[in-house]
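Given the structure of chain A, go ahead and fit chain B onto it with the hints provided.
Sequences listed follow chains A and B, in order. Going letter by letter, the first sequence gives residues 1 to 278 in my numbering. Going letter by letter, the second sequence gives residues 279 to 684 in my numbering.
Please note that the accuracy of each hint is not assured.
Stated by the list, open to error - With a straight-line Cα cutoff of 27 Å, these simulated DSS-like cross-link-like pairs (lysine-lysine) come out:
1. Lys273(A) x Lys651(B)
2. Lys80(A) x Lys29(A)
3. Lys237(A) x Lys546(B)
4. Lys248(A) x Lys660(B)
5. Lys89(A) x Lys155(A)
6. Lys80(A) x Lys651(B)
Just so you know, the hints here were simulated from the structure itself, not pulled from any lab data.
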Amino acid sequence: MMRSLIVSCVVLLALSLAVAPALAQEEAKEPTFEEQFTAQLEEWLPGMGAEKIPERGGPQQALQNLVFSLGGPGHEEELKIVCAVVATKLGPETAQPARIWLLRVLEFNGGPECVEAVAKCLDDRDAQVREAARRCLANNPAPEANQKLLDTLGKARDGRAKAALANALGYRADAKSVSALAGLLGDRDEAVVAAAANALGKIADDAATRALAGAVKKVPDKLKAPVADAYLRCADKLLSENKRNEAKAIYQQMAGADMPKATRLAAMQGMLKVTGGK
Amino acid sequence: MMKRPKVTRRDMLKTAAATVAAPLVVPGAALGADDATPPSERITMAGIGVGGRGGGNIRSVAGRKDVQVVAVCDVVPEHRDRNKAEIDGRQGNKDCASINDFRDVLARDDIDAVMIGTPDHWHALITIAACKAGKDVFSEKPETLTIGEGRAMVNAVRRYGRVFAGGSQRVLGDYGNWPKLVRGGALGEIREAFVSCGGPSGDCYLPEEPTPPGVDWDLWIGPAPYRPFHSQLIRGGFRPFRDYSGGGMTDWGAHRFGAATFAIGVHKTGPVEIIPPDGKDVKLLTYVYANGLRIYHGGTNNITYIGTQGELTPGKKLPFTGEVDMEGYKGSGGILGDYIHCIRSRERAFRDIEIAHRACTVCHLGNIAYWLKRPLRWDPEKEVFIGDDEANRWLDRPKREPWTLS
Chain A
1 MMRSLIVSCV VLLALSLAVA PALAQEEAKE PTFEEQFTAQ LEEWLPGMGA
51 EKIPERGGPQ QALQNLVFSL GGPGHEEELK IVCAVVATKL GPETAQPARI
101 WLLRVLEFNG GPECVEAVAK CLDDRDAQVR EAARRCLANN PAPEANQKLL
151 DTLGKARDGR AKAALANALG YRADAKSVSA LAGLLGDRDE AVVAAAANAL
201 GKIADDAATR ALAGAVKKVP DKLKAPVADA YLRCADKLLS ENKRNEAKAI
251 YQQMAGADMP KATRLAAMQG MLKVTGGK
Chain B
279 MMKRPKVTRR DMLKTAAATV AAPLVVPGAA LGADDATPPS ERITMAGIGV
329 GGRGGGNIRS VAGRKDVQVV AVCDVVPEHR DRNKAEIDGR QGNKDCASIN
379 DFRDVLARDD IDAVMIGTPD HWHALITIAA CKAGKDVFSE KPETLTIGEG
429 RAMVNAVRRY GRVFAGGSQR VLGDYGNWPK LVRGGALGEI REAFVSCGGP
479 SGDCYLPEEP TPPGVDWDLW IGPAPYRPFH SQLIRGGFRP FRDYSGGGMT
529 DWGAHRFGAA TFAIGVHKTG PVEIIPPDGK DVKLLTYVYA NGLRIYHGGT
579 NNITYIGTQG ELTPGKKLPF TGEVDMEGYK GSGGILGDYI HCIRSRERAF
629 RDIEIAHRAC TVCHLGNIAY WLKRPLRWDP EKEVFIGDDE ANRWLDRPKR
679 EPWTLS
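With the rest of the complex left out, here is chain A:
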């Protein structure tokens, strides 16, 4: 009996010696920043999407404040992690108010890590989610965001959607958008033409200027003012670059009798600037 007792103790001792290192490792392991934030976001999400608006404030502001604190120089890696995790919660399994809030946070802090997930929301069934995603990509500095907007524009059939996407591209003022925007200058929908012209006026590079030069001669009278306005902005940019002759040519054309009165006045203002008058 004594012998079996000793054997049992030896076995127990051997077992405990084998398990001890693993137990010690388990206690020492701490969650990563990503794990911590993921867990925290899971706690916040139900409140962010609460049916009653006042109940959303606490958790929404908590995320906002965290992101603001990480937005400055020196916290780029943590911010990327936060935005990437936030991007994983943009799907329809998250309550709509929470999705919209997450998109608003990403609008001012998101980068390339969230573009793919945000772009999926451009096709969402919920109109407000689609709109929040559009604005989010408009303000995302990553070049991929511009491409996603262009891709969606290429598939859009609805005039309102096309105009909204043109506005987003204009906000970004990326020269890569000129070709697609120029293609909208002949659209049947006046709002689309106006939005495309406005966007080209914000880009105002040589290609945009050429596109507007062609359009201003062809558009119906109703659209002359917005297209001419964009073209005049190109002239202003040329003048700011000291390309006075090219600017002058546009101002002279826009001062023609076939242009709306306000356009003619703006063109005359431009001519005064070219000639050095006030």
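Below, chain B alone, put in the same frame as chain A:
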């Protein structure tokens, strides 16, 4: 034989531009035989956003003999109908139209000028659209919601040769001879100023209420992110909320930072650093200018100036008899009279758009520093933050479709 003065092409262009820019006044109802201003002399005006202050502004010009108010516009029927009734009474006719959508106002060729009193998030879009429609513009302060909007407004006003007058009557009206004292050097060189006003704006968590019949809520929200109706927002209570306004920083701040920077003479530039309070050494949000001037957000009351040779604190009176070369109102009738005078003369108004933009920019810079809770460096000429991409993403905001800045 007398030599005819040589008329240059520049002269011809200037004359043509001024002629095209001047108001086309359409005759309205005669006011009275003896004291009537000829219809051809009257400026036709419309008020856009006439709920509170905006209504007060348009009603006060309706009493002038040289102005005819032909329309009031508001998305709240009660606001526009109340103002129409009163304006018709002052003008002795029923000519004032009551309009919901500002685009219908701007489409009218018989309107020379507008007065904007909408919430702040609409000021830029309506101003720019009005410029493109050939109208002169008065806009209530704060004239902008973002720094990017301000620069776009400057560009549009200049491009279309419009008169723009910003609505801060307090810059000159509240301080007696202080602007002359300060600008004239009675305190020596100003080293510090304290400006008191409310704090930054934040996000809106008002509960949802049913939209009253007739209120065009979608148009009230306009370019701001959508949220459901709440009555506080249409009763002037939109100011605390970032989507529509800049809080106290831009409400009284537009007046007081505008006044302080004007008096000191830094109203055409901006700070180079903005330091929010840090709970330790920095007690008050601080604007640092390139010449070493510091303007603090805080203090006991209104504005305090500290110069190398003296101080001005609220309530203090100092005599001043010198002449100081500084801007003031043109015409008579305060800030509104200045606007109306400049519509005729085509001069720049006292609170021209560049000045209004610069004043509001000071407020917006403070807000951004408060939100981000860190010191920010600013280039007042390029109008960008230096070395802070996140801050630069707050220079403007994408607008809710279908609206966009142009």
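Comparing the hints with the structure gives:
| no. | hint | verdict |
| --- | --- | --- |
| 1 | Lys273(A) x Lys651(B) | 42 Å, violated |
| 2 | Lys80(A) x Lys29(A) | 23 Å, holds |
| 3 | Lys237(A) x Lys546(B) | 22 Å, holds |
| 4 | Lys248(A) x Lys660(B) | 25 Å, holds |
| 5 | Lys89(A) x Lys155(A) | 25 Å, holds |
| 6 | Lys80(A) x Lys651(B) | 19 Å, holds |
The earlier numbered hint that this structure contradicts is number 1, and it is the only one.
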